[in-house]
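Those protein sequence lines, which keep their order, are chains A and B. The numbering of the first sequence is this note's numbering, which starts it at 1 and goes up by one. The numbering of the second sequence is this note's numbering, which starts it at 393 and goes up by one.
Don't read these hints as lab results, they were simulated from the structure. Using N, Cα and C, we set each Cβ at its ideal position, and we do this for glycine too. Be a bit skeptical, because a hint or two may be false.
Unchecked claim - Derived lysine to any residue pairs resembling SDA-like cross-links, with alpha carbons at most 25 angstroms apart: (1) 481(B) with 45(A); (2) 488(B) with 50(A); (3) 481(B) with 21(A); (4) 663(B) with 697(B); (5) 484(B) with 189(A); (6) 195(A) with 494(B); (7) 486(B) with 156(A); (8) 206(A) with 433(B); (9) 347(A) with 282(A); (10) 197(A) with 487(B); (11) 250(A) with 303(A); (12) 485(B) with 192(A); (13) 222(A) with 451(B); (14) 568(B) with 632(B); (15) 206(A) with 452(B); (16) 488(B) with 189(A); (17) 485(B) with 184(A); (18) 197(A) with 434(B); (19) 484(B) with 42(A); (20) 258(A) with 305(A).
Said to hold, decoys possible - Okay, the calculated bits of chain B under chain A, using three or more residues with CB under 8 angstroms as the criterion: (21) 456-465; (22) 483-493.
Stated by the list, open to error - Facing chain A, according to a computed beta carbon distance under 7 angstroms, are these residues of chain B, among others: (23) 437; (24) 447; (25) 450; (26) 452; (27) 473; (28) 476; (29) 478.
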Amino acid sequence: MGKRDRLSGNEAVAVAMRQINPDVVAAFPITPSTEVPQYFAAFANDGLVDTEFVPVESEHSAMSACIGAEAAGARTMTATSANGLAYMWEMLYIAASSRLPIVLAAVNRALSGPINIHNDHSDTMGARDSGWVQLYGETNQEAYDNFIMAVKIAEHPDVCLPVMDCYDGFITSHSVEVIELLDDQDVKNFVGEYKPKAYLNNPNGKVSMGPLDMPAYYFEHKRQQAEAMKNAKRVILEVSEEFYKLTGRKYGLFEEYKMEDAEVAIVLLNSTAGTAKAVVDELRSKGVKAGLIKIRVFRPFPVDEIVAALKGLKAVAVMDKADGFNGAGGPLFTDITSALYGKADVKVINYIYGLGGRDVRTDDIEVVYDELLKIAETGSVKSVYNYLGIKE
Amino acid sequence: MAFKLKEEALKPERLTGGHRMCAGCGAPVVVRAVLRALKAEDQAVICSATGCLEVSTFMYPYTAWNDSFIHSAFENAGATISGAEAAYKAMKKKGKLPADQTIKFIAFGGDGGTYDIGLQSLSGAMERGHDMVYVCYDNGAYMNTGIQRSSATPRFADTTTSPAGSSVPGKQQQRKDLTAIMAAHHLPYVAQTAPLGSKHGGFKDLHEKAEKAIYTEGACFLNVLAPCPRGWRYDTPKLLEMTDIAVDTCVWPLYEIVDGKLTLSYIPKEKKPVEEYLKAQGRFRHVFKKGNEWMIEEIQKEVDRTWEDLLNRNETK
Ligand SMILES: Cc1ncc(C[n+]2csc(CCOP(=O)(O)OP(=O)(O)O)c2C)c(N)n1
Ligand code: SF4
Ligand SMILES: [Mg+2]
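Bound-form chain B, shown alone (with noise of 0.2 angstroms):
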């Protein structure tokens, strides 16, 4: 379905205003772009992990969502939703519920909650194949706890627990790179994706794999590029430029994996420098000190690297 901008604005926004993530936080923007895939008339039950998303968005007595959520740990958004899908199952199979109503499962965790320690609850969710939704929005730290590393962040970034010290510059460590792992599950739709500037069309492409995943049968699996400005230290309006920029640099490429076959869906013209991508965020300041110019090249490495790789197997050419 084709993607119009003007029409999806219109339909009433499923996590509503006034909830208290930061100003310019790229999650609530991936998950408003998300919901937004959803057809008007289907019913969604959403589950988030623990984590910036879930503890701003729903304070008792008030909650920013519009359709049926539940939180429970931060662990285990996988489990839970897989549980809720099995209850929709069951209760439509009794009757218990109308036969012509859709609800669809979707659920939410950070980049922590889902590399990390909800890895097994997502892979055991995503092998068992309920018919699912999980979207990891990915700001590359556990931020609710204050900007501690993840497996997800990126190289030589500065953290809480990753500090850029005298000795030690940041984190040592290569990203995980988890939407390979979700693909390895052999799901039906697994993609990469991220909220964008208009020079890439905007919100095209998350929303239009956000609608391929919700309404393809069976477990899918989301991973979104979802900038945080106090953890990446840059600009609060600056949110999308972030997100172009790592679109650009191939830091973030986009892509999606339809029962195996993986399709680019954007390979830059040409491919910028990382350095443009490093100097907007103040995590990677100490990169361009003077005697630290191995640490970009080692970067610039690794994401040739992986940008090779994603373009050798890329089957749409």
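Same shape as in the complex, but just chain A (with noise of 0.2 angstroms):
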């Protein structure tokens, strides 16, 4: 049985990475990721795991020596934020596109200029069309439980792509709460034996990685990788399930709040998923039927699953911690639209809400629902791309 804790949310994933015992962890400091180092570092120094700690000079080191370490062999993890995930860039295509299953616990936070250290979204969504698998998380807990199964989503040879664990700076990353630690031998359990088929450090085989690729079959590297991120759908529902056999703990592509009879509902990622809860719960005991979708695979984008969700609802609101500077909305709206177009007429709008840490309070959401009740009377729509909480 494991055993109730109270942590912060970077303690937790750092106590989730001792527990796995990684090969290597390289990783260079920057708010609010910087504690998960922290905490290993001293995890390695007295002598908790075997991991080789590489205190690298930089991040786009960090996810260098990540793809080094991995390639040779080891299972390998870090963690960054904002400025630090945006120096890494480059090399996020690469492990991705080199098939190595890095974990990466992405600390939400806003991204420079100008430079903020409060949470938003800009970091990730930056990163949302690298090639990595992207879980998002609401809690301390569900960011400790990401990272854990984040391992061996990567590591399935249905997949064998690198994976971010991505929760809220300061907001989950610092706050203490309550979290449920499953037992360290439950962990190695569950996470098993990293066994890759081909890596540097073989004995007994050699392999060459990191080839130039020309037009004869870089195109057919990038169509299986595609592959890999569509298998990736079904990877985290079958590694999911098994988390909840083991914790009780369930986790799908995302979570549905009082959707059953809604007739309107907000979609939205990671901390505010509790203010959202707590209007709904309001609104719910006025008679409102409200709902609420946190996605928590955003990707794989769960495609068919939203729109099999939001189907038959009158009106909905994305809210988009991060704006998409494409003068249409930011990037979880657009791609929610996108799975709905032609295949269920629902009404969409926009709020982007919470840029660089600006606090999101219960009568912000409440301004949302307010809006999507009238949308759902009037059936007319005023404006789709539209701002939270911003002083005008």
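From the two separate chains plus the hints, produce the assembled complex.
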């Protein structure tokens, strides 16, 4: 049996890392993810893990060293935020296309500029098409659970892709919650041993990795990579089911909160779901049929499942904690609306909110539901692309 | 260990022929010579930065590498190989690799990937002291992208981004002294070398230095002159004439620094004038134009200064 403990999100993820006992962790400090490598360095120097901890001189080198290590046959992990993730950008693509199952704790923070240390999702949204699986979590518990599941998802032979465990900077990373920890042995059994098919340090077989790939092959390699991302959806569900059997904690592609008979709903990511749930409860107590969808798996994007969940609703608001700078809406919004296109006729509006850590409170969320109810009543949308809580 | 060319030449090549580097290119010659210093029974994991070497030796689905090989990007060979080395340590610790298996970690980078864009990654890997060797094959420009200047390009050389124009005559700056920068990392072994003609002992200097770098524990660095007939514009068969004259003019001094102690590996009896190095290469043609004598003088002055400096620091007199 596991035990309950009071931990911050970062500490919980570092504990998961200790329990996994990876071969290599290479990381560079950046707020708010810094504590993950800090806690882990302490575990390493206190002899609690067998891991080689590589304190690199930059995030570009962190991801490069992770690539070298994972390619060499080591289970490898790292953590970063914002500018650190942006600095890794080139290597994120190379990790994914090299099919290296690296796990990264992506502690969401606003991307410069202007420089800002607080939470939004502009960092991981910038990496959404890098070929990494992206899991998002609301609470410390989810950040911890997703991190453990990430290892198994990444290393599955039908996937072999790197995974980001995304959770909100400060709100999740630094606030302390009571969470349920698995036994060390259970984590060990759950993730199993890393057994790559081909690896550099293999004493019985040499391999060359990272070729120059000409037009005769590059396209097929990309096609295989796309297939792996499609496979990831099934594998995520299988791994989540196995995790449920072990812990009793159920995870899907997204969480549906009071959606059974909902007429209006908000779709969003991460910690704001907690605030939104409180508003849903409040509205429900008044007889309003409000619901909420919290996306857990953003890459691969659960297109058909989202359509099924939103079909028949009178109005939906997608809340993006990152702008799209495309003149049309945020990244979650454009993905959801393109999923719905031709499959369901639902009125969808977009709110950009919380950029750079701007607080979002229950009364802000109420504004969104009010707007949805108006649309449900009148059938007309005044404005699609909106900003919530901004000083105009 | 004494260098016996005949014996060494019998070892199977770890970089096979059939790759696509130009005829007369110095880089594959350097790579083969370095890898020949590996004990036959030792496995190697090799990394290359993006550049001529990488794109010509590993074009999917063919690899010229007989050892495990990884390329990930241009600026990160130091970090990439350091990750593989960390993996080796961890896998050994956990018993995932046979205890008696030795793997050596060697990274190759061109001057662009080493002096310039990869300097930070290299510095980090060296400072952390991974058990690895980083080999820079210095051909003095970004050859793969079409001969652009790097911080290793010699002063006044004509490159496509420092062209010998009518108002600016080629590259204006001195070369960066990367070997000295590496020595300032307090590494156990740093050396500057080149594949040479038989009058300079052929591949002896390069072989012995590679062997020391590979079998000295910790992070070691080799800077190896690797002429490029396209970029330097000399006759393809003259590779070793180029390195010989670079050494005889002291444009490319041979030395090693062991635990901070500098030893010159070769002191020419009579230092040849720098013109002899310059005149063999088309990239310096403009310095011989009438009125440009001052350029040759400046180059000579700089060579004299660095050579004097090395003579003064030479601890094995
Ligand atoms: C980040 C990045 N910037 C630029 C390039 C383009 N590029 C590839 S190889 C190269 C030059 C390589 O020069 P060098 O390291 O000296 O090796 P050489 O080709 O001379 O052997 C450049 C500029 C790249 N691949 N990646
Ligand atoms: S361009 Fe120069 S460095 Fe590149 S392969 Fe040809 S000779 Fe070698
Ligand atoms: Mg070069």
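A quick look at each hint next to the structure:
1. Restraint check for residue 481(B) and residue 45(A): satisfied, since their Cα atoms lie roughly 15 angstroms apart, inside the 25 angstroms limit.
2. For the given pair, residue 488(B) sits about 12 angstroms from residue 50(A) by alpha-carbon distance, which is consistent with the 25 angstroms threshold.
3. Taking the CA atoms of residue 481(B) and residue 21(A), the gap is near 14 angstroms; set against the 25 angstroms cutoff, the hint holds.
4. Among the hinted pairs, residue 663(B) with residue 697(B) is consistent with the structure: their alpha-carbon atoms are about 13 angstroms apart, no more than 25 angstroms.
5. As the CA atoms of residue 484(B) and residue 189(A) are separated by approximately 21 angstroms, the hinted pair is consistent with the 25 angstroms bound.
6. Restraint check: the Cα-Cα separation between residue 195(A) and residue 494(B) comes to about 20 angstroms, which is no more than 25 angstroms; the hinted pair holds.
7. With a C-alpha separation of about 22 angstroms, the suggested pair residue 486(B) and residue 156(A) falls inside the 25 angstroms cut-off, and the hint holds.
8. At roughly 14 angstroms between alpha-carbon atoms, residue 206(A) and residue 433(B) fall within 25 angstroms of each other, so this suggested pair holds.
9. Between residue 347(A) and residue 282(A), the direct Cα distance comes to roughly 23 angstroms. Compliance with the 25 angstroms bound is thereby established for this hinted pair.
10. Only pairs whose Cα atoms come within 25 angstroms are accepted, and residue 197(A) paired with residue 487(B) is accepted, the gap being roughly 18 angstroms.
11. Pair hint residue 250(A) plus residue 303(A) holds up; C-alpha atoms about 20 angstroms apart against a cutoff of 25 angstroms.
12. The hinted pair formed by residue 485(B) and residue 192(A) meets the criterion: a straight-line CA distance of about 18 angstroms does not exceed 25 angstroms.
13. The hinted pair formed by residue 222(A) and residue 451(B) meets the criterion: a straight-line CA distance of about 16 angstroms does not exceed 25 angstroms.
14. This hinted pair checks out: residue 568(B) and residue 632(B) have alpha carbons roughly 24 angstroms apart, not beyond 25 angstroms.
15. A distance of roughly 15 angstroms separates the Cα atoms of residue 206(A) and residue 452(B); the hinted pair therefore holds under the 25 angstroms criterion.
16. A C-alpha spacing of about 17 angstroms is found between residue 488(B) and residue 189(A), which places the hinted pair at or below 25 angstroms, so the restraint holds.
17. A threshold of 25 angstroms between alpha carbons decides the hint, and for residue 485(B) with residue 184(A) the separation of about 20 angstroms falls inside it, so the pair holds.
18. Under the criterion of a C-alpha separation no larger than 25 angstroms, the hint pairing residue 197(A) with residue 434(B) is consistent with the structure, at around 22 angstroms.
19. Between residue 484(B) and residue 42(A) the alpha-carbon distance is near 21 angstroms, which keeps this suggested pair within the 25 angstroms criterion.
20. Pair hint residue 258(A) plus residue 305(A) holds up; C-alpha atoms about 16 angstroms apart against a cutoff of 25 angstroms.
21. Only when three residues or more bring their CB closer than 8 angstroms to a CB of chain A does the claim for the segment 456-465 of chain B stand; here the count is 9, and the claim holds.
22. With 7 residues bearing a CB less than 8 angstroms from a CB of chain A, the segment 483-493 of chain B meets the requirement of three and the coverage assertion stands.
23. The criterion of a C-beta within 7 angstroms of any C-beta in chain A is met by residue 437(B), whose closest approach is roughly 5 angstroms, and the hint holds.
24. A hinted interface residue such as residue 447(B) counts as satisfied when its beta carbon comes closer than 7 angstroms to some beta carbon of chain A; here the least separation is about 5 angstroms, so the hint holds.
25. Using the Cβ-Cβ criterion of 7 angstroms, the hint placing residue 450(B) at the interface with chain A is satisfied: the shortest such distance is roughly 5 angstroms.
26. The interface hint given for residue 452(B) holds, since its Cβ lies 4 angstroms from the closest Cβ of chain A, which is under the 7 angstroms cut-off.
27. Checking residue 473(B) against chain A by beta carbon gives a least distance of about 6 angstroms; that is within 7 angstroms, so the hint holds.
28. Hint on residue 476(B) holds. Least Cβ distance to chain A is approximately 4 angstroms, under the 7 angstroms limit.
29. Annotation: residue 478(B) was flagged as interfacial toward chain A, and the flag holds, the nearest CB pair being 4 angstroms apart, inside 7 angstroms.
The structure fails none of the hints (numbered hints given earlier).
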